[in-house]
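Line by line, the protein sequences are chains A and B.
Per my numbering, the very first residue in the first sequence carries number 226; after that it's consecutive.
Per my numbering, the very first residue in the second sequence carries number 104; after that it's consecutive.
These are computed hints drawn from the structure, not numbers from a lab.
Virtual Cβ for every residue (Gly too), placed ideally from N, Cα, C.
Mixed in with the good hints there might be a few duds.
What the hints assert, rightly or not - SDA-like, lysine to any residue: derived pairs with alpha carbons at most 25 Å apart:
{"#": "1", "chain 1": "B", "residue 1": "Lys113", "chain 2": "B", "residue 2": "Leu187"}
{"#": "2", "chain 1": "B", "residue 1": "Lys113", "chain 2": "B", "residue 2": "Gly155"}
{"#": "3", "chain 1": "B", "residue 1": "Lys110", "chain 2": "B", "residue 2": "Gly166"}
{"#": "4", "chain 1": "A", "residue 1": "Lys277", "chain 2": "B", "residue 2": "Val201"}
{"#": "5", "chain 1": "B", "residue 1": "Lys113", "chain 2": "B", "residue 2": "Leu181"}
{"#": "6", "chain 1": "A", "residue 1": "Lys277", "chain 2": "B", "residue 2": "Glu198"}
{"#": "7", "chain 1": "B", "residue 1": "Lys110", "chain 2": "B", "residue 2": "Asp172"}
{"#": "8", "chain 1": "B", "residue 1": "Lys113", "chain 2": "B", "residue 2": "Leu175"}
{"#": "9", "chain 1": "A", "residue 1": "Lys277", "chain 2": "A", "residue 2": "Ile228"}
{"#": "10", "chain 1": "B", "residue 1": "Lys113", "chain 2": "A", "residue 2": "Met295"}
{"#": "11", "chain 1": "A", "residue 1": "Lys277", "chain 2": "B", "residue 2": "Val199"}
{"#": "12", "chain 1": "A", "residue 1": "Lys277", "chain 2": "B", "residue 2": "Gly208"}
{"#": "13", "chain 1": "A", "residue 1": "Lys277", "chain 2": "B", "residue 2": "Pro327"}
{"#": "14", "chain 1": "B", "residue 1": "Lys113", "chain 2": "B", "residue 2": "Met128"}
{"#": "15", "chain 1": "B", "residue 1": "Lys113", "chain 2": "B", "residue 2": "Met186"}
{"#": "16", "chain 1": "B", "residue 1": "Lys113", "chain 2": "B", "residue 2": "Gly125"}
{"#": "17", "chain 1": "B", "residue 1": "Lys110", "chain 2": "B", "residue 2": "Leu126"}
{"#": "18", "chain 1": "A", "residue 1": "Lys277", "chain 2": "A", "residue 2": "Met226"}
As the list claims (entries may be wrong) - A few chain B positions that, by computed beta-carbon distances, are all more than 10 Å from chain A:
{"#": "19", "residue": "Arg236"}
{"#": "20", "residue": "Arg324"}
{"#": "21", "residue": "Ala354"}
Claimed, not checked - Going by beta-carbon spacing under 8 Å, a handful of chain B positions derived as facing chain A:
{"#": "22", "residue": "Tyr158"}
{"#": "23", "residue": "Met182"}
{"#": "24", "residue": "Asp189"}
{"#": "25", "residue": "Val229"}
{"#": "26", "residue": "Pro255"}
{"#": "27", "residue": "Ala273"}
{"#": "28", "residue": "Phe292"}
Here's the letter readout for the chains.
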Amino acid sequence: MIIYGTALLAVCHLLGIFLGDLLGALLGAKTNVGGVGIAMILLICARLWLHKRGLMPAQTEMGVGFWGAMYIPVVVAMAAQQNVVSALRGGPVALLAAFASVLVCAGCVSLINRGERPAPESDADAEARVATQRA
Amino acid sequence: MLELLEKTAKHNGLVLAFALVGLVMIVSMQLSRRVTFGRVHGSAIAILIGLGLAYWGGIQTGGQKGLADVTLFAGVGLMGGAMLRDFAIVATAFEVQVVEAKKAGLVGVVALMLGTVLPFIVGACVAWAFGYRDAVSITTIGAGAVTYIVGPVTGAAIGASSEVMALSIATGLVKAIMVMVGTPMAARFLRLSTPRSAMVFGGLAGTVSGVSAGLAATDRRLVPYGALVATFHTGLGCLLGPSLLFFTTRALVG
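The following block holds chain A by itself, in its conformation from the complex (with noise of 0.2 Å):
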């Protein structure tokens, strides 16, 4: 049944929700923490789980896939909801932040792809240089 899927979905995403909140409170952070990513983390494992057994029929897996194809529309309808007005008076924010971020990641890209030697810059690319020759 197709509802099974999305019951599912709906009781890793309700447990995730409630662990990060469990996990805001322990923290004395008082918000949600990393709510949706363990909800996913918890999907993936309940995936998992349910495919070894044979518990993961298709029409089980629509129930999911549905919820997970809506991603786009329901982002197109949280982006038409927001406070652009103010947004846009902020001035080149978004657009500096944004290009900024992806110069920067684009040369890390090239880097370690070319897997040589890269500046000396921080540990972190330190560490991205020995991965790359591990691999």
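Since the structure of chain A is provided, determine the placement of chain B on it from the hints.
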């Protein structure tokens, strides 16, 4: 007649939102195919239209929730609200193939970590440079530089203002579009030729739509590898954004 139509729309807000977003998607897919010849992914155009509608709604009503403030389109607020949004994001984790992901190995993990932390630092620094001094705003904008999902998820978790959330989404969106358009052009510089290089790219660039569209335009065979790692990227960002990165930022700026 018109009154009846309005009543139908108002009483079925969420259903109207489904129809409206579907319409936006059709228009975007056509624009993507016919105007940009597939260079800019339809989803990116759809989000741009969404932001445009939010702008229109903001101008019309003077409110803070974009199109959702227009009474007729209040259902958009439900569809794009935190509940359905998180539900859909969690569902995308279902497509992750753990066995395949293991092939990315250590270099994939390193790329993922770098791909979350580096854009965050860059975004946070830009936010600081533009006069944002509170940890919540700096973290949210920094998280937006990771992806346009991580930004609002982080912002919602730590209680950012709608204005900062919009900025953060805009940042992630601009980044996604830059990745989509720039990847085919920079493919040689990025050494994008093997599955491993695609995984490194997916981990560092992060944005799933940007990575999948960019790789599709470069070499179709590389798409699953890049998208696979990029899917983890959103999860990792959502995990680290409101926790480790927020606490670190708060410790730094007080």
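Evaluation of the provided hints:
For the hint pairing Lys113/B with Leu187/B, the CA-to-CA distance comes to about 20 Å; that is within 25 Å, so the pair holds. A hinted pair counts as satisfied when its Cα atoms are at most 25 Å apart, and Lys113/B with Gly155/B qualifies at roughly 22 Å. As the CA atoms of Lys110/B and Gly166/B are separated by approximately 23 Å, the hinted pair is consistent with the 25 Å bound. For the given pair, Lys277/A sits about 13 Å from Val201/B by alpha-carbon distance, which is consistent with the 25 Å threshold.
Between Lys113/B and Leu181/B the CA atoms are separated by roughly 13 Å; this keeps the pair inside 25 Å, and the hint holds. Between the alpha carbons of Lys277/A and Glu198/B the distance comes to roughly 16 Å, so the proposed pair stays at or under 25 Å and holds. A C-alpha spacing of about 17 Å is found between Lys110/B and Asp172/B, which places the hinted pair at or below 25 Å, so the restraint holds. Taking the CA atoms of Lys113/B and Leu175/B, the gap is about 6 Å. The hint holds against a cut of 25 Å.
Restraint check: the Cα-Cα separation between Lys277/A and Ile228/A comes to about 20 Å, which is no more than 25 Å; the hinted pair holds. For the given pair, Lys113/B sits about 23 Å from Met295/A by alpha-carbon distance, which is consistent with the 25 Å threshold. For the hint linking Lys277/A to Val199/B, the alpha-carbon distance of about 16 Å falls within 25 Å, and the restraint holds. Simply put, Lys277/A and Gly208/B have alpha-carbon atoms about 23 Å apart, close enough for the 25 Å limit, and the pair holds.
A C-alpha spacing of about 23 Å is found between Lys277/A and Pro327/B, which places the hinted pair at or below 25 Å, so the restraint holds. At most 25 Å may separate the alpha-carbon atoms for a hinted pair to count; Lys113/B and Met128/B meet this at roughly 22 Å. Note on Lys113/B and Met186/B: the hinted pairing holds, with a Cα-Cα distance of about 21 Å set against a maximum of 25 Å. Only pairs whose Cα atoms come within 25 Å are accepted, and Lys113/B paired with Gly125/B is accepted, the gap being roughly 18 Å.
Between the alpha carbons of Lys110/B and Leu126/B the distance comes to roughly 20 Å, so the proposed pair stays at or under 25 Å and holds. About 19 Å separates the Cα atoms of Lys277/A and Met226/A, which keeps this hinted pair within 25 Å; it holds. With 10 Å as the threshold on Cβ separation, the claim that Arg236/B sits away from chain A holds: the shortest Cβ distance comes to roughly 14 Å. Every CB of chain A lies more than 10 Å from the CB of Arg324/B, the least distance being 16 Å, so the non-interface label holds.
Distance check on Ala354/B: its Cβ is at least 13 Å (rounded) from any Cβ of chain A, clearing the 10 Å threshold; non-interface status holds. Because the beta carbon of Tyr158/B sits about 4 Å from the nearest beta carbon in chain A, less than 8 Å, this interface hint is met. This hint holds: Met182/B has a C-beta 4 Å from the nearest C-beta of chain A, less than the 8 Å allowed. Contact between Asp189/B and chain A, as hinted, is supported at the beta carbon level, the nearest pair being about 5 Å apart and thus within 8 Å.
Hint status for Val229/B relative to chain A: holds, with the closest Cβ pair at about 4 Å, below 8 Å. For Pro255/B, the shortest C-beta to C-beta distance to chain A is roughly 7 Å, which falls under 8 Å, so the interface hint holds. A least Cβ separation of about 4 Å between Ala273/B and chain A falls short of the 8 Å threshold, and the interface hint therefore holds. This hint holds: Phe292/B has a C-beta 6 Å from the nearest C-beta of chain A, less than the 8 Å allowed.
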